[in-house]
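Turn these sequences into a full structure, and let the hints guide you.
Protein chains in written order, with my numbering: chain A, 197 to 350; chain B, 24 to 211; chain C, 15 to 677.
What you were told as hints is all true, and nothing was included just to trick you.
Restraint-style ranges between C-beta atoms, simulated for each label pair: (1) C:A396 / B:R191: 23 to 31 Å; (2) B:N122 / C:P168: 40 to 48 Å; (3) A:A315 / C:R133: 43 to 51 Å; (4) B:A56 / C:R130: 39 to 47 Å; (5) C:P430 / A:D273: 48 to 56 Å; (6) B:R191 / C:A124: 48 to 56 Å; (7) B:E208 / C:E533: 56 to 64 Å.
To list a few chain A residues with every Cβ distance to chain C over 12 Å, as calculated: (8) V266; (9) G271; (10) F276; (11) E283; (12) D338; (13) A341; (14) R347.
Just so you know, these hints were derived from the structure itself, not from any lab. Because the structure is a prediction, the values reported are computed rather than measured. For each residue, glycine too, the CB sits at the ideal point set by N, CA and C.
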Amino acid sequence: MTKRLASWLLVGMIAVSALAFATIDEGEPRTAADRAYALSKTIGCPACNGQSIAESAAVIARELRIEIAVWIDEGKDDAFIRARLRERFGDDIDYTPSGDGFTSLVWILPVVFGAGGVAGLVVVFRRWKREGDLSASEADSDLVAATRASRADD
Amino acid sequence: MSGDGTPESTPLRAAWIVVPVAVVMVLFIALLATRDTGDAGFASFSLEGQVAPAIVGTTIDDQPFDLDDFRGRFVVLNFFQTTCIPCVQEHPELVSFQNDYAPSGFATVVSVAFDDRPSNLRDFFDRFGGDWPVLASDTGSIIVDYGVPLVPESIVIAPNGEVIKKLRGGIGQNDLEFVIAEWQEANA
Amino acid sequence: MSSALFGALIIAVGAAASLTGIVVVVLGLVGHRPNWWRESRGLVWIMFAMALLAIVWMERALINRDFTIEFVAHNGSHQTSAIFNVATLWSALEGSILLWSFILTGYVAAVVVKFRDKRDDPMMAWVLLTLFVVCAFFFLLMVGPANPFRSFDPPPGFDGPGPNPLLQAHILMAFHPPILYLGYVGFTVPFAFAIGALVTGRVGEGWLLATRRWTVIAWGLLTLGIVLGAWWSYETLGWGGYWAWDAVENASILPWLTGTAFIHSVMVQERRGMLRVWNLSLVIATFSLTILGTFITRSGVIESVHAFSESGIGPALLGFFAAIVIVSLGLIAWRGDQLRSPGRIDSPLSREGAFLANNVVFAAFAFVVLLGTVFPLIVEAANDDRISVGNPYFDRMTMPIGFVLLFLMAVAPVLPWRKASSGVLADRLIWPAWIGAGAMVVSLLVGARGWAPTLAFGLGGFAGGAALRQVVLATRRQGLRGLVGRTNGGMIVHFGVVLIAVAFAASNAYVRQDTFLLEEGQTASFSGHEFTYEGVDFREYPNRVERRVAIRIDDTQVYEPGTAFYPFVGRSFGIASVRSTALQDIALRVESFPVDDDGLATGEVVIRVTVQPLIAWLWVGGGIMALGTLLAVVPGNRRNPIMPVGAPLPETATPDGRVEELV
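Written out as structure tokens, the structure is:
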């Protein structure tokens with residue numbers, strides 16, 4: 197095994213283990229406040245111009261943050277909180293577009309576009325590879341041989 | 024190294040790219056051209072037709088309050104703030120409505136204020152009139168329960184405790200009468 | 015003559031000059047005006063002079079609080095200092111269009127000066143025609159719907175409301191819009207050349223080489239403008255956020271995305287004559303997106319905290335966007351036959367292959383951002399529902415794209431042109447790979463967890479290592495000269511991008527926020543720090559009253575967040591206070607001052623604390639990107655020996671006599 201290959205294997209192993217460790221090890225557990233904050237960054241303030249309730253200083257934003265904290269204390273999960281808020285204030289309070297119905301297109305279209313892009317690249321590279329294998333034609337080879345011969349004579 | 028493809032295919036190829044792009048762009052521009060500008064606000068409200076969420080609290084006059092006590096009457100739940108101009112403008116309409124319908128027990132107004140001091144509210148009602156329960160403390164959860172993003176907003180509740188309608192912005196007495204009459208017809 | 019009328023006249027002259035310019039160039043093309051270039055040049059200088067005069071006139075009005083002009087009456091104030099009144103120009107719509115027009119005429123004047131040697135080239139006629147048309151559009155906007163010089167009859171004792179206090183709060187507001195516009199408007203020039211190239215059929219490399227430096231400079235300015243905007247948001251709004259994927263922010267990043275793809279993809283066209291359709295499309299898309307972005311931020315179709323107030327120029331901008339799209343698509347369709355390049359990409363494992371993949375990835379990125387931004391409108395049109403598409407969508411969708419881009423940034427610079435063997439790659443990338451793995455281990459050691467940020471750190475180390483490797487090799491060979499020139503400057507820019515990417519990943523993954531109710535003297539503990547409330551202080555200013563709270567962090571320094579009440583506007587705005595260190599930022603904001611039932615302040619305060627790692631790396635990374643761009647446009651010593659088909663070899667060679675290809 198060459199030194200280079202060994203080096204790559206080693207660095208690969210370290211990277212993969214580091215990634216695995218980072219994935220598996222929980223680290224510090226999330227507090228309720230952390231959870232509330234993460235959630236409120238994704239809920240819009242209904243009376244502000246496009247700010248989330250985590251950002252806005254409006255009264256309604258504050259009340260909603262308090263309510264979310266209460267719900268988290270009561271043990272409700274994120275899905276419940278989102279559904280409740282959507283019920284009361286309309287779908288547009290939730291910054292995460294749903295995966296149902298027409299709205300699911302916003303999730304699907306980029307994947308389609310991306311897959312199409314990758315497929316396009318693959319097709320184009322394959323085609324170029326096929327066309328690109330050049331070999332000299334007979335006439336060209338003869339020309340080169342003749343030139344070499346004449347040069348050798350000099 | 025040519026491999027350009029036959030001459031006939033190249034103009035076709037350009038059309039293949041340009042035409043779908045053009046179609047998408049036309050649709051896109053049409054979409055943008057037909058949108059409403061300005062903020063129409065959060066529109067949907069799903070509580071209509073459902074039982075009104077419970078409200079239990081204390082009024083600014085230190086009286087206990089429970090929304091259930093008002094079953095059998097129409098309730099106009101009015102969310103407001105003393106500093107909000109449309110709220111001040113609609114107030115006389117509410118006073119007039121109350122004078123007309125409250126004595127007979129037909130309907131009543133209930134005010135919910137938030138971010139406002141009880142002393143402010145007492146002064147306000149002393150000046151502008153209006154003799155109905157006013158809630159000011161711990162009203163945050165009421166706002167969330169009823170989905171009220173902005174004031175003024177009025178929610179009309181039927182005698183059976185069902186939410187009839189949400190009215191955005193400042194209202195007049197005839198707006199309330201219309202909503203009540205409509206419900207009465209539908210539930211005659 | 016009233017000052018408003020004078021201003022309006024200046025604009026009218028400018029508009030007339032641009033329209034005349036169109037006529038002159040057209041006549042010149044048809045052959046009826048042999049002096050068309052000289053006449054156009056004169057008209058360009060008139061346009062520039064008028065735009066300059068208009069700006070000076072407006073600034074004069076703003077500084078003098080001349081309320082006979084409606085724009086000043088709506089946006090100026092005796093209460094705000096003169097300096098802020100200067101920046102007020104671009105804080106409201108009409109002023110921003112005026113600024114745009116001024117910068118545009120400036121660029122057109124520069125084109126006329128720089129390309130005077132090429133005046134006999136028919137392509138320059140088309141370039142000037144395009145530029146005149148764009149200028150005419152903006153001048154006509156100012157004559158019509160976005161007139162900055164409408165007159166106003168101020169009642170006695172009138173004082174304006176002043177600019178939005180959010181826009182006065184920070185000195186960065188003075189720089190962010192002009193730099194941003196210098197970037198946006200700068201892309202008009204390569205666009206004009208692309209149109210010229212399409213019309214004259216000279217879709218080879220000529221137009222690219224002519225405008226390459228312009229494009230890179232415009233791109234660099236746009237990058238700097240966007241970073242300054244993020245910094246301004248962060249400092250002013252104070253809740254620790256710097257990028258919210260808000261409609262206006264997205265509008266600014268869309269042209270940046272296609273512009274970035276373009277400045278990379280042109281290298282393939284220069285070397286191999288390929289990807290011409292891509293390059294034309296990218297530069298046209300970049301310019302169109304600047305117009306579309308202007309439409310989005312000023313038309314009110316999508317709400318945003320950054321948006322200008324609604325105005326009537328929406329339809330005009332949309333119409334201009336439509337015209338650009340129609341003309342461009344038409345030209346591309348017409349010239350389709352000539353766009354096919356004579357080259358082939360030999361292997362996916364090559365620099366060309368990497369740049370083609372780069373184009374696809376950036377196109378996907380732009381598609382995602384655009385789709386997410388306009389999707390609520392699509393849904394509303396389709397079934398009348400109202401939905402939001404916000405940061406959860408964008409974060410989730412752009413994360414994989416970000417990873418792919420980091421990977422490409424690592425690999426592409428070490429890939430040779432034409433074809434690479436995996437051996438070459440393995441040799442060149444081993445050290446960057448070690449740096450990447452090292453970064454991951456270091457992050458684990460400091461306690462960071464989570465697969466996504468760790469992967470970001472690894473790929474960031476990988477890409478950063480590759481960039482560093484290039485710069486080290488170049489400086490070893492050429493000394494200080496190894497830091498300038500397109501490739502080396504580009505590597506420095508990449509390094510800045512890596513810093514920003516790592517900071518973005520870390521600050522998003524590890525941000526913590528909480529609120530605390532504190533009495534005077536009380537201390538709260540959060541995220542390894544102590545926050546002690548030490549007292550409240552009132553400060554009066556001519557236009558506001560500030561209530562500042564002293565918070566001591568960790569027994570060291572005192573920070574003073576608070577609220578400012580502007581009586582003229584009738585509301586309060588928060589004042590944030592941020593402690594920035596190299597590794598962590600702590601942002602403090604006052605939520606409220608609790609009052610008792612009688613309305614008296616209880617002496618307590620509710621503060622919001624946001625702790626985020628590596629925020630400073632965002633600004634440093636932005637600065638490095640700007641520096642790298644500057645270095646990249648310095649003319650390099652070496653030249654590509656492999657020029658496009660048919661060009662002669664350059665005479666210059668490196669000091670040791672070889673004509674060398676670096677990298």
